[in-house]
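Chemist: Sequence:
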Amino acid sequence: MRKLLLTFLLIPLLYGQVSGQELIVGIKGGPVVSGLLYSNFTPKTGHRLGFSAGISLLKPISAHKDLGVELMYDQRGYSDQFTYTNLLGEIIGTFEYTYLFDYIALPCYVRFQTSKDIKWFLDLGLSPSYMISARTRSHTMDFYGNKGPQRKYKFDPDPFYMSRFDIAALIGGGVQFKIRDNIAIDLNLRYTNGLLSIFDRGLFEQYMLINSLNFSVGANYTIK
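Taking the numbering used here, the leading residue of the sequence shown gets 1078, the next gets one more, and so forth.
Below 27 Å or equal to it, Euclidean Cα-Cα: the simulated DSSO-like pairs (lysine-lysine) are: (1) 1142 - 1193; (2) 1255 - 1301; (3) 1196 - 1142; (4) 1105 - 1193; (5) 1105 - 1142.
Hints are computed from structural coordinates only; laboratory data are not their basis. Since the model is a prediction, treat every value here as computed from it, not as a measurement.
Model the full assembly from the supplied sequences, consistent with the hints where possible.
Modeler: Written as structure tokens, this is what we have:
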């Protein structure tokens, strides 16, 4: 966790060594839909709807290329269904559990873009992240299978052989609108594909990878 924050603080200093001193600082946020890309253990899983928010830094290195890094709070997870039985072994209902994983992510990417006031861009890179919270959300249930209110339960991921660290391949794109000489608004659609299993591979037969689709709106300010 500390290494992620330190890296984010050091990158602007490294960018300053690249041609010129111009730096683009931004804030961004939006909804995220995430789920399991593949799993033999839970083959029919659903999605979690969450959100992400954070700050971004872009360093122009040419008219059509930027280096980018972000510090983001990301909500990820997936949903699964379980069948419940009573003390007699009789099926009394099927309930959905949603697994809520919260991450601090550090997306690093190269941005390719047009050079007009309305810019179209493409982002390619990697996104390391660290899990800071793990919870489940489900309905309560009585002996007869009647649903009660939804509740969230926090748990420690370590005893369940869960990996707190992940790294994902990143691809995204969007459009940026110039409002003033040094202020712009951008709309961004991004897909990330986890490269590391969220569980230890020795515990399950196959990897369980998290992927996510994120739409964000951002505001950028250029420091010259």
